[in-house]
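Given chain A's structure and the hints, the job is docking chain B onto it.
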Amino acid sequence: MSDKGYKIINEWFFAKGWNIFPFQHDVWNAFLSGKNGLLNAPTGSGKTFALWMPNLIKWINEHPDTYQNKTNNGLKVLWITPLRALAKDIQKALQNSVDELGIPWKIGRRTGDVSQSVKQNQNRRMPEVLITTPESVHILLAQKNYTRHFKNLDAVIVDEWHELLGSKRGIQTELGLSRLRGLRPELSVWGISATIGNLDEALDVLTGPEQDTKPTIIKAKVQKNIHAESILPDEMENFPWYGHLGLKLLPKILPIIDESRSTLIFTNTRAQSEIWFQNLLEMRPDLAGTIAIHHGSLDRKVRDWVESSLHEGVLKAVVCTSSLDLGVDFSPVETVIQIGSPKGVARFMQRAGRSGHQPGSTSKIHFVPTHALELVEAAALRSAINSEEMESREPILKPYDVLIQYLVTLAVSDGFFPDEIYPEIKKTFAYQTLSRKEWNLILQFITQGGKSLARYNEYSKVEIEENGLYKVNSRKIARRHRMSIGTIASDAMLRVKYMSGRSLGAVEEWFIAQLNIGETFWFAGRNLELVKIKDMTVFVKRAKGSSSKVPSYLGGRMSLSSNMTHILRKKMHQAVQNEFDDVELKTLEPLFEIQRDWSTLPDEDQFLIEKSFSREGCHVFFFPFEGRYVHEGMSALIAHRLSKMTPITFSIAMNDYGFELLSDQDIPIEKALSEDLFSSNNLVEDIMASINSAELAKRRFREICQIAGLVFQGFPGQAKTNKHLQMSSSLFFDVFMEYEPDHLLIQQAFDEVMSIQLDEVRLRKALIKISEQHIVFNLTERFTPYAFPIMVDRLREKLSSEKLIDRIQKMQNQLEKHVK
Amino acid sequence: MIISHLNITFKKQTLVLFPQKALFWKERNLLVVSDVHFGKSGHFRKHGIAIPESVNKSNIQRLEELLKKTKPSSILFLGDLFHSEMNAETETFKQWRKSHSDIEMILTIGNHDILTRFEFEKMGLECTNQYELEPFIFMHDESEATESSYYPITGHIHPAIKLSAKGRQNVYVPCFYFGLNHCMLPAFGTFTGNYRIKPTQNDLVYGVVDDNVMDLSSLI
Numbered sequence: 001m002s003d004k005g006y007k008i009i010n011e012w013f014f015a016k017g018w019n020i021f022p023f024q025h026d027v028w029n030a031f032l033s034g035k036n037g038l039l040n041a042p043t044g045s046g047k048t049f050a051l052w053m054p055n056l057i058k059w060i061n062e063h064p065d066t067y068q069n070k071t072n073n074g075l076k077v078l079w080i081t082p083l084r085a086l087a088k089d090i091q092k093a094l095q096n097s098v099d100e101l102g103i104p105w106k107i108g109r110r111t112g113d114v115s116q117s118v119k120q121n122q123n124r125r126m127p128e129v130l131i132t133t134p135e136s137v138h139i140l141l142a143q144k145n146y147t148r149h150f151k152n153l154d155a156v157i158v159d160e161w162h163e164l165l166g167s168k169r170g171i172q173t174e175l176g177l178s179r180l181r182g183l184r185p186e187l188s189v190w191g192i193s194a195t196i197g198n199l200d201e202a203l204d205v206l207t208g209p210e211q212d213t214k215p216t217i218i219k220a221k222v223q224k225n226i227h228a229e230s231i232l233p234d235e236m237e238n239f240p241w242y243g244h245l246g247l248k249l250l251p252k253i254l255p256i257i258d259e260s261r262s263t264l265i266f267t268n269t270r271a272q273s274e275i276w277f278q279n280l281l282e283m284r285p286d287l288a289g290t291i292a293i294h295h296g297s298l299d300r301k302v303r304d305w306v307e308s309s310l311h312e313g314v315l316k317a318v319v320c321t322s323s324l325d326l327g328v329d330f331s332p333v334e335t336v337i338q339i340g341s342p343k344g345v346a347r348f349m350q351r352a353g354r355s356g357h358q359p360g361s362t363s364k365i366h367f368v369p370t371h372a373l374e375l376v377e378a379a380a381l382r383s384a385i386n387s388e389e390m391e392s393r394e395p396i397l398k399p400y401d402v403l404i405q406y407l408v409t410l411a412v413s414d415g416f417f418p419d420e421i422y423p424e425i426k427k428t429f430a431y432q433t434l435s436r437k438e439w440n441l442i443l444q445f446i447t448q449g450g451k452s453l454a455r456y457n458e459y460s461k462v463e464i465e466e467n468g469l470y471k472v473n474s475r476k477i478a479r480r481h482r483m484s485i486g487t488i489a490s491d492a493m494l495r496v497k498y499m500s501g502r503s504l505g506a507v508e509e510w511f512i513a514q515l516n517i518g519e520t521f522w523f524a525g526r527n528l529e530l531v532k533i534k535d536m537t538v539f540v541k542r543a544k545g546s547s548s549k550v551p552s553y554l555g556g557r558m559s560l561s562s563n564m565t566h567i568l569r570k571k572m573h574q575a576v577q578n579e580f581d582d583v584e585l586k587t588l589e590p591l592f593e594i595q596r597d598w599s600t601l602p603d604e605d606q607f608l609i610e611k612s613f614s615r616e617g618c619h620v621f622f623f624p625f626e627g628r629y630v631h632e633g634m635s636a637l638i639a640h641r642l643s644k645m646t647p648i649t650f651s652i653a654m655n656d657y658g659f660e661l662l663s664d665q666d667i668p669i670e671k672a673l674s675e676d677l678f679s680s681n682n683l684v685e686d687i688m689a690s691i692n693s694a695e696l697a698k699r700r701f702r703e704i705c706q707i708a709g710l711v712f713q714g715f716p717g718q719a720k721t722n723k724h725l726q727m728s729s730s731l732f733f734d735v736f737m738e739y740e741p742d743h744l745l746i747q748q749a750f751d752e753v754m755s756i757q758l759d760e761v762r763l764r765k766a767l768i769k770i771s772e773q774h775i776v777f778n779l780t781e782r783f784t785p786y787a788f789p790i791m792v793d794r795l796r797e798k799l800s801s802e803k804l805i806d807r808i809q810k811m812q813n814q815l816e817k818h819v820k
Numbered sequence: 001m002i003i004s005h006l007n008i009t010f011k012k013q014t015l016v017l018f019p020q021k022a023l024f025w026k027e028r029n030l031l032v033v034s035d036v037h038f039g040k041s042g043h044f045r046k047h048g049i050a051i052p053e054s055v056n057k058s059n060i061q062r063l064e065e066l067l068k069k070t071k072p073s074s075i076l077f078l079g080d081l082f083h084s085e086m087n088a089e090t091e092t093f094k095q096w097r098k099s100h101s102d103i104e105m106i107l108t109i110g111n112h113d114i115l116t117r118f119e120f121e122k123m124g125l126e127c128t129n130q131y132e133l134e135p136f137i138f139m140h141d142e143s144e145a146t147e148s149s150y151y152p153i154t155g156h157i158h159p160a161i162k163l164s165a166k167g168r169q170n171v172y173v174p175c176f177y178f179g180l181n182h183c184m185l186p187a188f189g190t191f192t193g194n195y196r197i198k199p200t201q202n203d204l205v206y207g208v209v210d211d212n213v214m215d216l217s218s219l220i
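Chains A and B, in that order, give the protein sequences. Take the first sequence: its letter number 175 is residue 175 in the working numbering, and every next letter is one higher. Take the second sequence: its letter number 57 is residue 57 in the working numbering, and every next letter is one higher.
Incorrect hints may have been included.
[As the list claims (entries may be wrong)] Computed beta-carbon distance windows for the label pairs: (1) A:L731 <-> B:I8: 21 to 31 angstroms; (2) B:L180 <-> A:Q606: 53 to 63 angstroms; (3) A:L731 <-> B:N29: 28 to 38 angstroms; (4) B:N170 <-> A:R300: 35 to 45 angstroms; (5) A:K803 <-> B:N7: 17 to 27 angstroms; (6) B:S101 <-> A:D666: 28 to 38 angstroms; (7) B:N170 <-> A:D234: 56 to 66 angstroms.
[Claimed, not checked] Here are the simulated EDC-like pairs of lysine to aspartate or glutamate, each with C-alpha atoms no more than 16 angstroms apart in a straight line: (8) B:K166 <-> A:D664; (9) B:K57 <-> A:E738; (10) A:K248 <-> A:D304.
Treat the hints as calculated values from the structure; they're not laboratory data. Cβ coordinates follow ideal geometry from the N, Cα and C atoms, glycine included.
One chain only, chain A, in its complex shape:
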């Protein structure tokens, strides 16, 4: 390269005293030769400039004499990031570089937290670069006359693509790209991704499966040293067998906090972070003012303050959730502490990487188990780091709900012609197999409401104009749709504010509903008293004394990745063999002894089943060690097969190691084992039948309802007036199941249960493995160390083959017996 653009950028790097890394060169060359591609590089490796500079080189080369004078060039580069917190930093870095180079480009930001006036200025005059989120891209597409924004667009960069891939936000990105490519066929599309198991596929999803020029993957090959260490209990005898908070080991992390300049403490849920923060303060009041809390429900301003304080190094420790997984470089952070299982190798490494951010330095992470068996996971994680086995992010295929939302988005702005949009959608990875028939059903759904030929009475969302244009004409519907663009399903949230008006964040409506005026709760690291609730806002004041209530949030019930379960079983095998090379396994030795004593310590070729009785009824435990998601499907399947033998009602619980069936009556497991209980024959039929009754599909349907626009959360601050349009997704589900069971969205709910939730492929493999294992069946007198953590889980699935009326009569009979 000897052109002017390259020379100028090269000199700029030199003047800054920076080296151009080889991978940056490679990206520049590939980009400038017109290729699309994917850069595989971790945070803090110079990935931003790898993809930013070629845009400037191109600009200078195209305007060698006027590149410092031309203003008002229209939107040239769209930079998509999954996290709005990242947008600011990128904006600053890019703006600095053009300012120093004397290029009069404007770098703008357009995310949910950018003010309306800034957005309106952008609408009148787009900056040359816009940093934005997938949702905001779609909101742009929902604007009248949106094509004017994109007529000069040259490139789209998708940052942290691995975070989007595998989620419906990824689908949203694919659809947005498909439209932009339709408008600008020569568009350059590049992604940036951390290391995942399926990089090739990640590239295909980003660029679409059929490309004229073959896209390329460039790897940064930046070595990262990670030092992982477990915090071990002093006495195994007193360490709990179950639990998810891990407070028992809190005293042991205090010296770690004291010794490092700054520490990030990762928890798995928002509630857990609140509780840890509260307990840290109680144990070490002297830390007040130097420790902070950070999670997704806190007000943007509060989070911004924490982030900038971390950056400046004035905070000793921050208790956080995945909200700080990504993002800004916190160089003062020297140590990371992970509370509880991170469930996957990639997440653990990502979090470890938040410390020792400078290239070449070592990242330090401490693992704090919340219950005994989690120590096995700690050992497994360390092995995984050494072998660098990363999980794959499986892309979602053909979700109807996101496509429905996208088509209504287009209909809301300028309307669309199906013949123009269908080919664009067919070119995306997600919808490459979308058939004409499915396409027509979706068009029918948005125009007529249902699949039947007869139009739903008075239904009009999208109307077909005389020239064949699909368009939303109702301003109310358009406004409501714009408000609900997005694919992250959420509960109705209430803002939490001080009486003075200062906002603290948001909590789920159902949590506040349990509280009375004057009661106290713990939120945003403060003890608060509920003063009043008005117009979707909870007014609070500081409370004295301590309170026990912490908003709990569902979620955080993720499954171990198949990667992790694989290594976990290897570790279990080592335990059976008494190979205690890992200090964690060594610590667990007494626990393994108890398990062996009371039941069996299963080896890799054994499948353990335990049965025991308590006042609650009959418990049967199964231990496949396959991760929560597989257990979810397998438990429903086994419960269903058992329920075919006799009318019976189960309540089902599971964790990553196994699952439990609990019934008020004796479970005929001995008889079932003599028949083929774990057969993979009729698998699909049996699962379909079991998810039907186990209500798994209903839960999936909740998200689908929101994305497809059936459930509307209300406008901010005026949700009340929309109450007449609010209905729970479970009621929608019941109505559709009864009156239109072949409804498009119901189909999707079942498909998602099969492919995403239960992961049919993994489940089938697991069943085949069981058929090759030797079944060990034990009647146990007490709940074993393996069974206990499952037994205490209160969040349960249900499956019943009894008639409701029989069940209630049984309740009455039980009661009469009791009275007698």
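Relative to the frame of chain A, chain B by itself:
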């Protein structure tokens, strides 16, 4: 399945509880139906949310079944008869009303009944806020002020109760609730949710279980 109702005696009156979620007062030959929310599915459709029409039809069907069984001289709608303004589904109701011109129909107005009295009366519904008939007083919402000493029978809440059993089993069942101070009827409408109530020991609770009405008072 056999559809069975339940006869109870309350305040020396014979009340028949139907699994269609309606109450029939034998002595007065009066059918009481609460929270039908007619036109709700149409209202949703009008606002761009697709709900099948059959939802509304099932409301009419169940009303017809009840008329055949009880042959009432009057029907009392206990408020929230309509979900919102007029739409095609409320038209269906008007037609249905016409086809039973011999039956007196009364509406105690509820929070969702936003049409004017004139409009209700035009379709042959007698309108009132509270309807007294010894020993009961009927109204939509029990929190409304009343000076009557009669026992209030109300709707509005869409009551349901939670039943728990051994083996950590829970079920939710819509119910008729007869408390010390007032009675609440379950919502008749197909497309309506439920609200869990927590009855106390001496309350009488009758649950709608599949196609039966069962006395659940002992399970509280």
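Against the structure, the hints:
As the Cβ distance of L731 (chain A) to I8 (chain B) is approximately 29 angstroms, the hint placing it in 21 to 31 angstroms holds. At about 60 angstroms, the CB distance of L180 (chain B) to Q606 (chain A) agrees with the hint of 53 to 63 angstroms. A hinted range of 28 to 38 angstroms for the beta carbons of L731 (chain A) and N29 (chain B) is consistent with their spacing of about 34 angstroms. One distance hint, 35 to 45 angstroms for the beta-carbon pair N170 (chain B) and R300 (chain A), holds here, with the actual separation near 38 angstroms.
In this structure the supplied range 17 to 27 angstroms holds for K803 (chain A) paired with N7 (chain B), their Cβ-Cβ distance being about 23 angstroms. For the pair S101 (chain B) and D666 (chain A), the beta carbons lie near 60 angstroms from each other, so the given range of 28 to 38 angstroms is not met. Between N170 (chain B) and D234 (chain A) the CB atoms are about 41 angstroms apart, so this pair departs from the stated range of 56 to 66 angstroms. Note on K166 (chain B) and D664 (chain A): the hinted pairing holds, with a Cα-Cα distance of about 5 angstroms set against a maximum of 16 angstroms.
At most 16 angstroms may separate the alpha-carbon atoms for a hinted pair to count; K57 (chain B) and E738 (chain A) meet this at roughly 13 angstroms. This hinted pair does not check out: K248 (chain A) and D304 (chain A) have alpha carbons roughly 31 angstroms apart, beyond 16 angstroms.
Of the numbered hints listed earlier, those contradicted by the structure are 6, 7, 10.
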